[in-house]
Amino acid sequence: MKNMTLYVDKDSFIHNIDPLTKLLFVFLSIALTYILPTHLFVICVLAFTLLLLLAGKVFKYILPVIGVSLLLIISIIIVQGFFHPDRATLLFEIGPLPIYKEGFAFALLLTLRIINMVCAFGVLILTTKPDDLVESLINKGMSPKIGYVFLSVLQIIPQMIAMTSKITDAQRARGMETEGNLLTRIKSFIPLLGPVVLNSLNDTRERSIALEIRGFNAKGTKTFLNESFHFKYGLILKIILIITLIAAIVWRVVL
Amino acid sequence: MNSIRVENLTYKYPNTDTFALDGISFTVKKGEFVGIAGMNTAGKTTLCFALSGLVPHFFKGAYGGDVFIGDMDVLTHEISDITAKVGLVFENPFSQMTGAKFTVYDEIAFGLENLGIPRDEMHRRIKESMQFLDIEALGDKNPFSLSGGQMQRVAIASVIAMKPDILILDEPTSQLDPRGSEEVFRVVENLSKEGMTIIMVEQKMEKLAAYSDRILLMHEGKLIDSGPPADIFSRADLLNFGVVPPVYTTVAKALHLKNELTGLYPISLEEMPASGITNGDIRTISESLPLTKTAGPEIKVKDLQFSYNKDTPILRGISVTLSGEPTAIIGQNGAGKTTFVKLLKALLKPSAGELIINGTNTKDTTAAKLAGTIGLIFQNPNDQIFKNNVLDEVMFGPLNVGQTPEVARLNAEKMLERVGLLGKAGENPYDLSLAERKMIAVASILAMDTDIVIFDEPTMGQDARGKAILKDIIHGLHAQGKLVLCILHDMDFVAETFGRTIIISNGQLLFDGPTRIAFSEADILHTARLEQPHITQLARKMGYDGILLKESELIQE
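Protein chains in written order, with the working numbering: chain A, 3 to 257; chain B, 148 to 704.
Misleading hints may appear alongside valid ones.
[Unchecked claim] The following residues of chain B were derived to be distant from chain A, with all beta-carbon distances above 12 Å:
#, residue
1, F215
2, M219
3, E336
4, G389
5, L402
6, P420
7, D428
8, G544
[Said to hold, decoys possible] Computed list of lysine-lysine pairs in BS3-like fashion (alpha-carbon distance at most 27 Å, straight line):
#, chain 1, residue 1, chain 2, residue 2
9, A, K62, B, K614
10, B, K288, A, K221
11, A, K240, A, K59
12, A, K224, A, K131
What the hints contain is simulated information worked out from the structure, not anything from laboratory work.
Just so we're clear, the structure is a prediction, and the values are computed from it rather than from any experiment.
Don't be surprised by glycine CBs; every beta carbon is placed ideally from N, CA and C.
Let the sequences and hints guide you as you build the complete structure.
This is the structure:
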């Protein structure tokens, strides 16, 4: 059965870095593009992020995600290029739409930031097992309940989709037409809701019993099956990342 | 030292009028294996909840009396304190998976992490319990990718890894194939020998009799009797409580094989004498019942193949013609039985091969259009029920296939009466028990009056009375000239009810023919992880060299 994790199981230097350092990197990478909003600098940050994806052997997995965000990007370019308040210099025209230079420059910056944001998260999510990430956060004091919600959603949603198709089957078996034109499909959707909701509630109740049985609410200190991520350069990397952040802020304020 | 002490336990679920548990008292010694028998409304599951602290801490309601686990009072302790000592495994394997772990190995670790078990000890225990349940090969798999039977074994492994003092199992084997459920019983017996206290609710009385030290007989929330299996199953009034004794006991009663010293009847295969039935005592009843219609419905299957993806074929070329007498489809968990009937119903399209139903190829039609011809009763009634009134629910299918409201209502009421639920026509299906919902699902398909009726594991969770109703329904449908197909794990029900049997294993048809011959094919049964019916094994042991299928075939003087 599928689950919704995007983790790609490969062996690379990036995979070996501990989840928290990667999380800090995501934050830094996004922050930098706002602290120093020049095209050249943002391109440098993006290039570095892409380099990490390449090093993590997961570059091709980020492409479909960027593809999805392309729709957003195109609409930004059109809207900003056309409507940006400082519009003065005409750059080019798309049919009847005049695109202005100022707006285009801003849109380009925004686009670069979005792509960088997507790629930075990609570095974290594509190279980190979700349970490793959540375990590290729980170790740092996050509530195990919140951690459980994150992890279970990844598995339970595909299960709900599978359940929906079972219920559809049961209803088709009793003569309800679900194949055919749009109206038939919409009509067949409504009787689906009752069993889906009730079954989910029922499963949820039984699952919470199962969690109780497995001591989820036990008071004592929990242990972890997997050793907490041991990455010997973790601390140094974190210090470097923080220094970079401070340097960027100083640069921005001073210059 | 008592492991469990229950004193005058009384409990009522919120918003109900009747007591689910009514003045129950008993004690259980450490290491004892206690079976709980009773019909579906007896309160067995509620008792399991009360012993694990879920009643009253999780399910609120009116609670009286005392439950002690060791010297711990359940009422004044929190669930987490109780669950450190009591493990519970229940019927539905799917909802026992936590959903937070991505491999079976990690899933088993979940409970141990919560208990704060040191890492080395954790690895040791996980490996041990995986070995116990024979699931070592599944360690790296995602729990949700497993079959129901495999998932149930993971659920049991997860609980026993926590090494509870007391293990409670509420019908843990109802979804397993015969061999799988036998394996679970053996594992549990070993745990009991090592000193773990076992409480098990089960509908398979032969198993309960063979493994339990003591049986608690429950009825309508009350504890009727408690004693060794031989005492309980020798009671003359057992049927009043909806419990049918093991087939060995029934046969022994018929043959007057009472133990002279104790006045009790044998309850297991081992206790039965190795002689006593000769070929002259058996009068085999003809398999094929007379047909009222000559040209009945017919399904032709030609080289049927199916797979969700190319690497893992589910069905590998099945050819068979189905018509005439009721046919049982048997085989191990994950053999492809459910996929097969879904293809018949055009819910799935074949990857290759052809399916011709009464002359129509399923490629040219939809499941909804076939609804008037084939009725399919799903394994899980919850997938099917969506009206908030029983009568509306049963009328939904008939209206869809073009019956007028008057006729649909008449049919619906007739079928509800047949499954014994006419009195509940006005209730909300979700207020009824799972076994009752299953019967509603049956009624809602029967009311459509289709030529072909397919059942997917109808006996799951049904007590003796429910099984008797189902048997009547199947014979009745046949007498009306309808074709009945039925997927089953209950071999005794197959032997009792079906003249023809199909064995499917690993996506292939291993056997097609009379049930009596099916159960004589030892090699095929072994490959498909099946067993002979209990009565067949018994007759063999007592000297009959044929295949005995029904109690009624044994001539009684």
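Consistency of the hints with the structure:
1. F215: For F215 (chain B), whose nearest Cβ neighbour in chain A is about 19 Å away, the distance exceeds 12 Å, so it holds.
2. M219: holds (15 Å)
3. E336: holds (22 Å)
4. G389: holds (25 Å)
5. L402: Check passes; 45 Å lies beyond 12 Å.
6. P420: Check passes; 44 Å lies beyond 12 Å.
7. D428: For D428 (chain B), whose nearest Cβ neighbour in chain A is about 45 Å away, the distance exceeds 12 Å, so it holds.
8. G544: violated (4 Å)
9. A:K62 to B:K614: violated (57 Å)
10. B:K288 to A:K221: violated (30 Å)
11. A:K240 to A:K59: With Cα atoms ~22 Å apart, K240 (chain A) and K59 (chain A) stay inside 27 Å; holds.
12. A:K224 to A:K131: Answer holds: K224 (chain A) to K131 (chain A) is near 20 Å, not above 27 Å.
In the structure shown, a violation is registered for the earlier hints numbered 8, 9, 10, in ascending order.
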